[in-house]
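Asker: Listed below are the residues making up each chain.
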Amino acid sequence: MEHQDAIHVVLIACGSFNPITNMHLRMFELARDHLEDTGKYRVVRGIISPVGDGYKKKGLIEACHRVEMARLASDTSDWIEVDTWESSQPEWVETAKVVRHHYEELVAAEQNEDKVDTVMYGKKRRMEEESCGCLSNRKANPARLFFLCGADMLESFGVPNLWKQEDIVELAGHHGMVCITRGGSDAEKFIHQSDTLWRHRHNIHLVHEWVTNDISATHVRRALRRGRSIRYLLPDAVVSYIQEQRLYSAESEQKNADVVLAPLARLCGTWEMVSNVNFEGYMVALGISSGLRKTAIKLKQKKVIEERGEECIIKTISALKNYTLSFTVGHQFDEVTKGLDNQCLKSLVTWEGEKLVCEQIGQKKNRGWAHWIEDGKLHLELFCEGQVCKQVFRKKGSDKDGVCKSDP
Amino acid sequence: MAACRIPLVLLACGSFNPITNQHMRLFELARDHMHDTGNYQVVKGIVSPVSDGYGKQGLVSAKHRNAMARLALQSSDWLTVDEWESDQPDWTETVITMRHHHGCILKQYQQSTGNSMKRPISTSPPPQLKLLCGADFLDGFRVPGLWRPGHVDELAAAFGLVCVSRGGLRPERAAHESDTLWRHRHNVFLVREWVRNDTSATELRRALRRGLSVKYLLPDAVIDYIGRHGVYTDASERKNRGTPLRPLAEQG
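Read top to bottom, the protein sequences are chains S and C. Read left to right, the first sequence gives residues 1 to 408 (the numbering used here). Read left to right, the second sequence gives residues 409 to 660 (the numbering used here).
Think of the hints as simulated: they come from the structure by calculation, not from any bench. Beta carbons are placed, not taken as given, at the ideal position from N, Cα and C, and that holds for glycine. Any given hint could be a false lead.
As the list claims (entries may be wrong) - Short derived list, chain C residues pointing at chain S, Cβ under 7 Å:
id: 1; residue: His559
id: 2; residue: Val603
id: 3; residue: Arg618
id: 4; residue: Leu620
Chain S with its partners taken away, still in its complex shape (with noise of 0.2 Å):
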């Protein structure tokens, strides 16, 4: 069945895995029947990253138990194992990010691989030499890193501001995507209606269920907080932890209720301003009057973000004026700050990471913003010509700072 030159691919699965079940465990078997099947590979290895905690999903419980309970519920396989980078990072990072690092571990394993051979990879890879035998072949065929998922994340591909263009050429193009779909799932209308995917359409593999098989996590949470059995849906393991530490009641499924997810919705809202630091000195560099800046120092500032489609409406409201911004992430646009500076700047806003960041092109140098969320507050960076001025606004209507408790 193999081939001496196989390519070695490494599945990672992202996903909130709350709790994980017997379908996300299936996708891997099922990824991975169907990639050995092509004769092209041979998958050596499976990864379930559960999300940190910073993504403040609705219901979303501590990562500790999630990780706990992907450890339990991957224990009987011999290649699926759980990784907590992901989850252990402070904030929220993009799945692209995770790929990534995933990726550059792979390729230090490989160029390293005596050293990390008894480190990381333990049992897996010694179990992988025994029956192959062939290390040595890698070297001409690097290891592939595939980006494992369901047809709702293609579908979700689609939807404006929620991926980053690059990410989705990280993602397909670059490593490649195993996509399992159910019956009535559209995958390959997905991919034809975007033009990224349809481009790397070679590197999506689409894998067809044979046995429908529904089990979703929401589901398990529903059935637990109304005192329904959940056994055989996940592995009995994990439903004695469940058991054992309490985990999902309807107190649990109220956890982040309030807080809209990342990373364009966490914006979305009304925000109060709670401090201002070096206004004066980012005025100074924009070359405003300081009889406007005495006055512009003293007033508090909201903003309300909201978005409309595609495009994104900030807008900065104070006693002395308005100033609206609206523009959509990752195209160029003209820009006049009427009332502040009066300029006219070519404008440029995109995601850096978690981070909103604007590049305002004109007269000054180094001008621009970056707007993200830290601890549940909205912060914003003004910064010109070496000036910078930062500011912290909080949720309107919310005391609370929103950060996760985390209950031992």
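Got chain S sorted already, so can you dock chain C onto it with the hints?
Answerer: Same frame as chain S, but now just chain C:
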């Protein structure tokens, strides 16, 4: 909970060729549902694999099917395998199997309560036995020759049915269209399963023959057993090919 709840034993008859997680789910769903009525306390679930005499294509020997079911149920504290049906030299009609188990249950109950005349009022009522079945089971009542006259009536009246559906309205329709079932509708419990899970033993055997993974569709211990004994092969699937099902053969 309530002292007046009727103890209930659920019996599932079938090939169990092999037993899958989905079979066990049917029991879990049925138990939750019956508890929810407030009238029953499910005390036991019995898996009763059909005897080799059934003559279904691909039916491997009862020895294997019983062993796999035992392995699958060893971690459950209320589900058991019973070999009485599969031990019978010929195929046994479902109602006969139910009569047997009902007899056993009543005997056990009488032994535990002692002389029925001296029975204190506070003891629980005698246990009932109901047949647990999947969505397509009720359709079988309409297949000519599959059921003996009077058997459906006895099943619904004397015992009762718990039928788990997979989302569609098929059991509701079948229960509505049968006058017998309609007459005993209060003894026919339809359970709705909201998670679509199409794991069938047929699909599992197909995957096994093709060397595809079946992990997480049935317990690891069963997969090990299948591998160790080479239970499912192209040859095993050819077993009984062209043979009519035993219940239908009787007619001819």
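Asker: Each of the hints needs a verdict: does it hold here or not?
Answerer: Here is how each hint holds up against the structure:
1. His559: violated, 31 Å
2. Val603: holds, 5 Å
3. Arg618: violated, 9 Å
4. Leu620: holds, 5 Å
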